[in-house]
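Visitor: As you go down the protein sequences, you meet chains A and B in turn.
Residue 912 in our numbering is what sits at position 885 of the first sequence, and the numbering runs on without skipping anything.
Residue 1288 in our numbering is what sits at position 91 of the second sequence, and the numbering runs on without skipping anything.
Honestly, the hints are just simulated from the structure, not real lab data.
We put the beta carbon where it would ideally sit given N, CA and C, even for glycine.
Please note: incorrect hints may appear among the correct ones.
[To be verified] Sample of chain A residues facing chain B (criterion: CB under 10 Å; computed from the structure): (1) Ala386; (2) Ser397; (3) Pro485; (4) Pro488; (5) Pro500; (6) Asp502; (7) Asp538; (8) Ala840.
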Amino acid sequence: MDDLWRDVCARIDDADFDALAEVLVGLDAKERAALLPALDGHTPTHALPEPVVLPPPEPEPDPELPTTGNFAYAFFASADDGPPPRDLEGIRAHLGRQRLRERERRWSRDKWHLEREAAHAARSLNELRQAALAMAVVACSPTTADVVKRLHRPWSAGPSLRVTPEVVPGLLRVRGVEWGAALARGMARRAGSRSRTTPWQFTEALMRAVGAGPPEAPGAVARYVATGRGHSLASFLAADPWFDHVLPYLFDDDRVAAASVTGVAGRVWPPALIELTTSGRVDREVVIAGCLRRLRIGGRKGLLQPYLGMLKQLAPGTDELTGHRQELAGLLTAPMSTVADFAYTSLRALHRASALDPATLVEITQNMLSRQEKKLVRAHLAWLGALPLEHVLDGLVVGLHHPVPELAERTADLVEARLPTLSEASRERLRAAVPSLDGAIAQRLAPLLGAVAPAPAPIRPLVAEPPAEMPPPLDLGALAGELSILLRKGNDDPIRHELVLDGLLRATRSDRSAAAQVLEPLIPQWPGLWPTVVAAAIGRHQPYQAPHRRPERHPMTLFVEGRVAELAARLVSDPPVALLATPATVTGHVDPARVLGLLQEAERDGWQPGRADLTQAILRLPREVDAAVRTAATHLASPAGRRFAGWLAAGAEPRTWVEEVAYQPHFSSRRIAMLDPAGLPAELADPRSAPDRARPTWQVPALALWPTIAPSHREAIAAHIQPFLVSTVDRGNPGSSFLTGLAAADGPTGPAMSLTIAYALANHRQPVRLAAGDALIALAARPDWDSTGVGAEVGGLAARDRIVLQRTVQPLAEALKAGARHAVWQVASAALRVLLPAGPHPGLADLVDLAAGAAPGGARSADLPGLAALAAKPGRGRLTEAARRLARAVPLPSMS
Amino acid sequence: MSATAQAVDTRIYRHASGLFDGNLTLAASAPDQVDERTFYAGFVRTPRVVAGGLLALADIAGADFRQNRSTTRGRDPVVTGDGERLRFEALSTCGGLYGRLDLTAAELSDAAVGRGTTNVDINPPLYESLTRVGGADPLRMSVGEDELAVSTLDGKVVEKRVPLPARWLRGLAEVAVHTLPMDPRLEIPAGPAVALLAEVSARSGRQARWVVPAGSGWRSTTRPVSGAVCVADGFRLAVLRPLLPLAQAVTLYAPPVSGAPAQVSGWVLDFGTARFTLLLSTAVTHGFAGDGQLLADLGSGSADADADADALNALLTIDPVIDRASVAAHTGWDAARAASALAALATAGQVGYDVAEASSFHRPLPYRADLVAALHPRLAAARLLSTAGGVVPTAAGFAVTSGESTYLVHRRGDGYACTCAWWAEHQGRRGPCKHVVAAIIIGQTGQRGG
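Looking at chain B on its own, in the form it has when it is part of the complex (with noise of 0.2 Å):
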């Protein structure tokens, strides 16, 4: 790890993005260089909502709620589009939280969108210039080389030297993992969700508790009854307090209820043109990079998911926007196959997932491929382990020695466990543990040589 840890990943903007006489400019950028493209050259419909959903980015992308808070700064946001939409992406600086703006056609019907993928940069000038945007200025929005940018602002190129986002990479691969198993629980009107987002975000919400649909709005609960959301850590959604009055509805998407004690939960703002997705991790000290939610499947390292994961990228270089009913008619994969090619290119960075549409897109990260396949700590712990020789197979289970203690790795339910401390602490809900990748791998090769 500590080769990559080093790792600096510089990005060059043209000039800083601004925004002037209603011009806003964001400037794009690709690893080392100044990113040429124009993604999108054209008027807005809803100034004020593109403008609040940028100003909650960069708010999301500068939080760290953690009591040791890092030195590191929160990263610039990242930004797709797949010829219809533009959707800008940022994680925020503890990694507990997720937010994306997707701008949609109805949004951008001005001008044609470009494809692909790229960094914006967002400064505090900017943030300044966007709080004064009103409903009833007329906007027009650049993302990426425009004309017009350049004949207005001053010709400065920045530069921003930051040490690789391991942490954020990993981070936002794995937000496409949470989302995959989501489902709408819950669609509150704006009024009334102005009053729950008051309840769930009050300073004293610093536990996790479950929101359950209750006659025609919700109630909450302490319970991980079935149907339920949950909000830990709550008071981390006053981000999203701004944005509220704008939008026309909210929905809570959740996973299933597994009776673990706290969940991943998603917060979609429906502002008719546009849509705000927000993800809250378990609890503030958990962020989505540690979740590990894709170690058993990188750990399995199967070949057969990396070639269907190549096959899939392919596909989508084509069609940027796929829903997994739309994977099985071009491939006809089942349903477990394309999900787990899915994982595989999530856990790429190669993919994000949007809930509201239930579908995937392609968003191969601006971040040099060599160091986004950086092995996850626990992964490469794991590999040490397994090659040197501490993992004993027993009546039991596995028999894992590290260092000086050894621990057992058993089965619980479909997946393992481990008597180590990490798994009592999380009990699975952060993914395995070390000593279960490295059972993992060695039950495999052991299989695979016998």
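Bound conformation, chain A alone (with noise of 0.2 Å):
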């Protein structure tokens, strides 16, 4: 045993298969099952990397140097020759050096080179070592299921197989070819699994030799796709029985399809196709039908590409593609535009060679009226100017209802031009659709087919609702639940915020043990500001520092942790009776007579209410306080009372303007709206510069709690939040809550307001926009709200390309479907103000288009300056157009 082991290693060193296959051939099952558990141990003597000797550099003549006439001389200064020579032995001696020094390079340059070769040889040997280690295994290997089992094992069952398509021939030699089929079958159901890669050059080299037929299994026809073919794919496809199996693979299958467009593959394989397709090894026709058919199924647009792209380069004839003229009908609903642009085109095309039937035109018309691309719409509408209307009616209707106006009133156009020539009943079809359409192309058929338009659909007026109440108080199970939320999810709500801190006073009041048996296992590893309030609120003291390294910590969320620390300094020894400042409404507002009566009671018992709970108390007073508790109000003695009582006689209002910030190397220049809380608490000050605050943080703080801070003080929070909007206008994500709490909360409008709405409503987050249309029209509802400050600012930034108008324009519109139309207009309105002079802008069409849906019946183009010289010029462009359909809307001067 020992010998063979010996000649086993020994050969396996030599790293010869044969002589390896050889030895193996000559045992049994047994002997060789003997051999597999020191194999598996087994590791093959490393090779290192042959030494290089080469013979030292020798030293050469020196130069013979000519002794008369004249000659010239070019020095290479280096560091180590000193001064320059100064005479010919000076020169001699120079030339010597130089040469030395390039004879060395040279000899250092060959003997790396040497090195390098000796190192790859190594490795090769090393490589093929273990090859014929991992032959040896599987050769001894007792079943071919234990085989693939090994050669896919994990790396933590031990180092992986590196079997290679070299050990094939010897493998079969010692198990015969039975045993072989029995493998590569094995291997080839393994062969796509994700987890692991497996040795597929192997188990391709073991199908062939053993005869087994191609691959069934997508993954491994994936990996087939996916292995380098050398220098040409092309020839070799071309020589492969397996090709035409796999060809259709490529089409229908996710995977395999996946495989042959990215990577090195991506490169190769649709160059190759196109290759084989041009000298007659693939059918044209099904390369053809098969792309069409991968176009059809859908996938990326990386992927979808490359098909497209061999389509395309394929330029299939009209007789090629007749057969699939309903396939090109379907791809025009495809969601990438070029692929809807080839069907189109090729459809274009097989209608002039002979004309399409009915069905399919009516078919077209209503997947390429249906698509969101102005140009197919426009294309499309063109050639229906050339065709009979007749029998496409049914697709035209769906052009009627095209969500862009310009191309709606352009199919418009192309009915009232050929009405005409319709039948009665092509005109009940019409007349059919006529309710259902939107208002101004409705208005406009309507007379022309002898229709009723439709009255505009009432919209509710807008109400606004008074805020809710607060959730009740929570009793220990749910204040487990909620703080669980809070601590895992982070503190994002400010009514579970206010929650959670009053339900931990509760369960401080209430049983103090109880409370610790169910917080305690809540209490994260963490440190942080909640996890001391929670230990605190159990009766442990676990004292918090806020971080030292965070430099810039905002005015708000100071305020916000200051109220928290405050209530986990006091919940330890000293809890207060009641938290003053609980909201009574989800909005923040606090009920005053609570506020009084709590007050009330700690005069009467001595306690004192902490000095942030009160502030924010005070804060949170609504606007409108009964009487009855400012009277009551003034016979409160405390210092506590009487600030609140001094709050309630005195009220302020914060002042807000906005700055420019110019151009600075970390952000481009904004505008940058400012505060000063005049009578307010100081706490909502925030004493830094402009360019300070508009400085982008690193982190966006947790806005949505902020507008609770301060709900009847509007302004000042806005103004907080702009700076954060600013910066988060191309980039990053302020989440959208905080608009809901700011639309909500009460007090005058202001620069801050207006200019953050305006960012709001240009950001690049759609949720974001969608939250500031909301915004829009909860604000829209208030007797108070005035929208032209807005308007005015988005009209200010986009002039100045500081925003992308045209992202402004979907939540205005769905403000207007909501019935907020004062306020879209105000908005519109004020904005065109400022931009119409100003000429033509990305986005200024679509505007337009929304303020002539939003103009009232009052307004007149006065109003808007340019407006009417717009509207004069002659041509058919879209902001021509849109500028007409707003004169119409907003009577012109001279037609008033």
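Dock chain to chain to rebuild the complex, using the hints, since each chain is given by itself in its own frame.
Guide: Structure representation (structure tokens):
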């Protein structure tokens, strides 16, 4: 056995597969099985690179310098050379040094190359030894299932066995073809597993050697496709008997398709397919049908693009496409516009060759006119202009519904122009469509068709709803639940924040041991304010220090945390009776009578409310406070009570304004809302300058909590939030729930709020824009709201390219649909006052269209400088057309 | 669960489905054998709709919208005949999209429709042939055994062996429960519906948004206001795009707005003689299977509900389509009892729900009954917890010990909530967590014991 083992090891180290097979073939199954444990633990000798020995560079004789005549010599100064030579001897010595350096350099370069070759040879030898070891292991394994398991074993079970195609002949010699075929089946079955790279090249070599058919499983075919095939893939495929079997997988299977268009395979497969088609090895029809099938099945853009590219390269003629008419019509609804464009162009070509049947034309019209790409819709409308409309009316109706007013109008133009040629049945079909049409189009077509235009659907007038009441206080179980959500998901819900603070205090004051039992398991390991306050609630002092390394803590964050920290400090030894600032409504307003009652109780029982809690309660007082409460407050004597009474008596409004901050290295120029709290508590102030406030922060704080800090002073909170909206207008995520809070809050309108809404309307994230539209709807329902400021900001910011105007259109359109017509008109008209005189601007046409839809009856175009001139321009540009629509909605002075 | 995860489901079709010379032949299979029933053999009225609907189903069955796509392929659609209609159902590979094509009697007036449920084979060549069906081409469709099909197709048997789709089966069961409380919210003609679909299925639509009726149309909002329909990860709706131009009207269905950040929505495309129903889950990563809406009922495991379900099942075998009113009329049960019996049947994969007709239909899934009844993993874990003695009633609720952690299961509104990470993540929107189910089991047995 020892001799045999030494022999096997020697042959593994020789990396001689034939010789190894020779040894193994002489063994019976038992002997091979006996070898296996030793082989499993065996590591072939690690070959080290052969040391490279080069003779040292020999000194050369000094060069002969000319002794007569002139000669020129250039010095290459080197740091080693010292001062330049001054005589012939010096020059000779200098040249000698230079040559020596050159020889040394050449010598080390040669040495490096030889060393590299030696390292490469050693590496190859090591790989071959590993392959030989793997071959021995595989050959000695009892069953094929065992081999498959070994070849796919995880890293944790041992180093992977590196089988290569070269070991296949030896293996078959040892174990026979039948065994090889069984192994090939097992390997092919595992080839698609994603958890681990499988030795596909070995599997493929084995399958071919045993004469197994091509792979069936998509995963195995994907591996076949992804394998590199040397220089010419096309010539390899042309000769490969498997290729015909694999071909349909390229189009039908997602995994194989993905493998054939990504990575290295993605660069060689499509050209190879084209080459094979050109050479006639592959039927053009098969590739054309396959590509069309893949485009219909769909997938990522990157997956479909190569197939579309192949199709375009093959440039199928109309005779080849005739059979695919219906598939092309189906592709017109494809998500990718390039696919739809190709299908459309092909169908047009087919129609030119021989007219398409009416059913197909209707389908083409339906599919094309429901596309969003203006170019495609316009192209089809232009084509329809040359076709009889009688049979395609069902499709044309889709165009009348197009959400882009310009395209709906163009469809209506076509219908209007061709109306006299239509039969009565067709007119009836159009008439039936009128009631469901959009206002302007219906108004236009109804008289022409002798129908009655539908009355605009009644839109419920906007009503400001009173804010909902806070949910009832939490019992111990519910507190644990909410606290668990707050600790795990972050503190971003103002209602939960307040309920938890209140619940912790209640838990402390009722049964502390019961609270400890429930809350103890919830306290997380990380240090922080919340673990501290929960620990405090169960009577444990757990010091908390605000992190030092965070340089800027926003005043509002400090304010929120200050109140929590104050509660944490008091909960351990001196819990207050109740929190003054716990709101009565979800907006954040407190009940003044409750605050008064608590202050009276505190005076009577001799306890003091927390300072931060009182400040927060004062900031949360509603704007209207009952006279009885005001009177009763004047009788309060404690410092807290006097502060409360003083506040009720005086009241204050913050002062806000907007400052321009010029371009700075970290950000573009922008507008920043500034705040002076005036008589409001100083905690609301932000002492930083406008450029400091404008500087984007690494992380956006939890803005959602802020509106409930001062629900009666919306301007003050808007001024704090607005700088974050500026820095997130094109990147990042500010969240959107603060907009709900701002809209629900109270207080006069001002520049900070206008600027906040304007930036939110133009945010790059659609949910934020939609939330801004929702906020505008809620604000529009309030009698004291004026959107003109928002419009002026939108216009000003868009005119200076600080926001993308196009983005603001959709949320405004949603607000218009919700009935906030007046507010939308205020925004649009104020923005147009700035933008129209400045000339064309991306998105302006859409805004003008929107304004036309929102214009109230009494508006006059004189309020919109530049509109009359724009509407009077010749041509049918989108902006001009939109301006004409707006001019019709707001009468021109000459027409009025 | 490991026993069921290893189970293999074998489908044997006498031949591959195909479409030759206007003959659409859909091969049918029962578990482990060829299904020898004939469900339908005759012409269809609107070939384009039938072909388009089947293509959309194939698209849904193969769709996987998740980032980490699974290697398992989509399942063959399930077809149910009730003597009048044919219903083809499919669930996407990711489990978050459900599609059903209902062909009504008006579409199939040509011949008799059989009763029962079977799987039909869909393959790439059939897919390609279906894309070639035009509006003007007559189409004869056969589902199941058909003499004509035998004469035109080669008789090569198709066998598909795949792991038993426990997730897929649970998903189909959850779908029926999700649709039960749905109401129509918004009905729009096909023209504007194209615009709506384009708006909500844009690639940027990777969020939940809400669509509310406004004027004659709709508007989008970020708030779950009353009457709104949630569209979560709406880009998945792109599978409807090829169908939409064929539809006459689109109706959106939604359950009552609960205040959750996302809800399931139903989209019904009406083609006159046929309907296509699509159900959209609450997110790409939320398959219907994991919704666990049935868990609380399952956990309670009341013997009465099981008996009711058996009675209702017997009723359904006679009359395959029933609405809740007719259940009440036949059995004399009140609405709650009928609903819970229907839910129990849905869980067992015995009924589906047609939201457009507000009626349940008998659909015994063609899978081995013992495998269908396999435990929900969360329920299995909960049973383990409850038997291990880790559930202790306390004053604040139930203290549930799982591994090294202890969680508190407490009352929240009408139901229960938990302090575990899973609950914090989903807050009950995907059904109760295993701790809650364990507490329910203990609560029930405790009550019974007392």
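Visitor: Next, verify each hint and record whether it holds.
Guide: A quick look at each hint next to the structure:
1. Against a cut-off of 10 Å between C-beta atoms, the interface hint on A/Ala386 holds, since the closest Cβ of chain B lies about 4 Å away.
2. Against a cut-off of 10 Å between C-beta atoms, the interface hint on A/Ser397 holds, since the closest Cβ of chain B lies about 4 Å away.
3. This hint holds: A/Pro485 has a C-beta 8 Å from the nearest C-beta of chain B, less than the 10 Å allowed.
4. Taking 10 Å as the C-beta contact cut-off toward chain B, the hint placing A/Pro488 at the interface is violated, the least distance being around 13 Å.
5. Among the interface hints, the one on A/Pro500 is violated; its C-beta lies about 14 Å from the nearest C-beta in chain B, farther than the 10 Å criterion.
6. Against a cut-off of 10 Å between C-beta atoms, the interface hint on A/Asp502 holds, since the closest Cβ of chain B lies about 7 Å away.
7. For the restraint placing A/Asp538 at the interface with chain B, the shortest Cβ-Cβ distance is roughly 8 Å, inside the 10 Å limit, so the hint holds.
8. Hint status for A/Ala840: holds, given a least beta-carbon distance of 8 Å to chain B, under 10 Å.
Of the numbered hints listed earlier, those contradicted by the structure are 4 and 5.
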